[in-house]
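Engineer: With the hints as extra help, turn the sequences into a complete structure.
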Amino acid sequence: MNTQNEAGKLPQSSNDWRSTLVAGAEVYWTDPNDGICSGHRTIAEIVSDSGKIESDETVVRLNDNGSVTEAFAGELSALQPGERKLSEVGLVVNQGADCTIMENGETLSVSSAIAGQLVDRGLIYDQGDDPAAKMYHIVDGHSFAEVEKAIGEFAAGKLPKARNYRPLHAWTVGGSAEGYVVDLGAINVKNWLAGQGLDDSEVERVVSSMHVSVGSKEIAVLKSINVDDDMRGGGIGNDLLNQILGDAGSAAVLLVADRAESQEDGFDLKAWYERNDFAQFADVSTGPMMIRPASLAAGLSSAMQGKVQEKQYLIFSQSEAEATTIREGFWSNEHGWCDFTEATYFTEAERAALSLPESAGRDAKWVSAEEMAPFFKEQNQHAAGAIASARLSAGTQFFQELLDSVETLDGIVEQHGSRTLCDLMYLQNAIMKGCFIDHYEGESSVRDVVKALPSAERWLASVQVQEAEHTPSAPSLDM
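Residue numbers for the sequence shown follow this note's numbering, so the first one is 1 and each next one is one higher.
A few of these clues could be false.
[To be verified] SDA-like, lysine to any residue: derived pairs with alpha carbons at most 25 Å apart:
1) K451 / Q400
2) K134 / V284
3) K134 / T100
4) K190 / S224
5) K433 / G336
6) K217 / A194
7) K134 / N226
8) K433 / E334
By construction, these hints were calculated from the structure, which means they are not laboratory data.
Structural biologist: Given below as structure tokens:
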């Protein structure tokens, strides 16, 4: 239940029909929690001395298929003539709803919360022409019947909440802004990109590139910033954007700088976003598609053009490595200084754009995987104090077999590429830790190299082949 004034009570009801309600009457309940569970209910009990609804603050117990909810009378409404119900689940969809689903001449109105759930499940997508209109279409291959069923299941509490779907809202006098944050792997991201006009191959390449380059598991989409015409030029847009960015946290932010939006004379919307660390990576029909932080734009732009930027650079500090027995001398955007297995890889463009982090000896530097071959060999010698002797022995044996199979480690790079050498070093770490690496076919020749070693069957047990939905930057270590 939700109260509506400082005294903790709702105002007196002016609707005479509520005073006529009795147990067994069918009503429509508007859930004050963003309308998430709104729907038809049957009155089970009216909690008052008279047994009647005396005001909007009267508590009413509502029955929904055996589940009882307590609500205020002021949250109840009558079924109006012409009110449309979903065919099977019995939900009123045109009351208190602010989003419209439209397809082939049919329309369906739902709350923002339910629309977010439907988007996350890949049933509908944002039309994108006018974000303020909150218009959605059904994704190809799905139907109104599926949408209606999902709404019913959600209202009945049978569907789990969307994967980290978090709406973003900002408001101030004279303006508002909205967007959302989702897991990077959620369908929302692909639907939004497709809704802006990217074709299927472009969507897949951009999403794959974001999985590699975005230093967070979340992504935010800024759908709109609206400032009243008579309030422009007073910094309201800056306030709204800062609210949205603050709520988005560490998530990268996507948007389109809409050319169709009217602007004050001399105001450049794209340049304004650029001053706030956004950069363009694509041009769509409605305007420049941009991302924040700006350092990510180069990689996404290359992905749009079908170019794959190889992530071959790491950040290394000898002083940080010497400070720990497990040689934590590599930089991770997520963990800070760490061992080789958790290090972040960077492209040539990122190397040129990013600054080096602080290190104990102020000796952080950019390195390539092949440059680090001597360190990897040295790291093998330092592992004895941190890893059990049996696993250390296995890791040492693997490394020795690898050295015996080639003249130099540089030879592996020349024949198979730097990614294969990196994967071999990951595999050695996995063997010493008693775990395995995820290997995506086509990413490197690590399995081909290992198959040629005397103890190939033993080492391949630490390689788990995966079917890639996207292109990862490096295999993950799984305990």
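Engineer: State for each hint whether it applies.
Structural biologist: Results of checking the hints against the structure:
{"no.": "1", "hint": "K451 / Q400", "verdict": "15 Å, holds"}
{"no.": "2", "hint": "K134 / V284", "verdict": "20 Å, holds"}
{"no.": "3", "hint": "K134 / T100", "verdict": "6 Å, holds"}
{"no.": "4", "hint": "K190 / S224", "verdict": "18 Å, holds"}
{"no.": "5", "hint": "K433 / G336", "verdict": "21 Å, holds"}
{"no.": "6", "hint": "K217 / A194", "verdict": "21 Å, holds"}
{"no.": "7", "hint": "K134 / N226", "verdict": "14 Å, holds"}
{"no.": "8", "hint": "K433 / E334", "verdict": "21 Å, holds"}
Of the hints listed earlier, there is not a single one the structure fails to meet.
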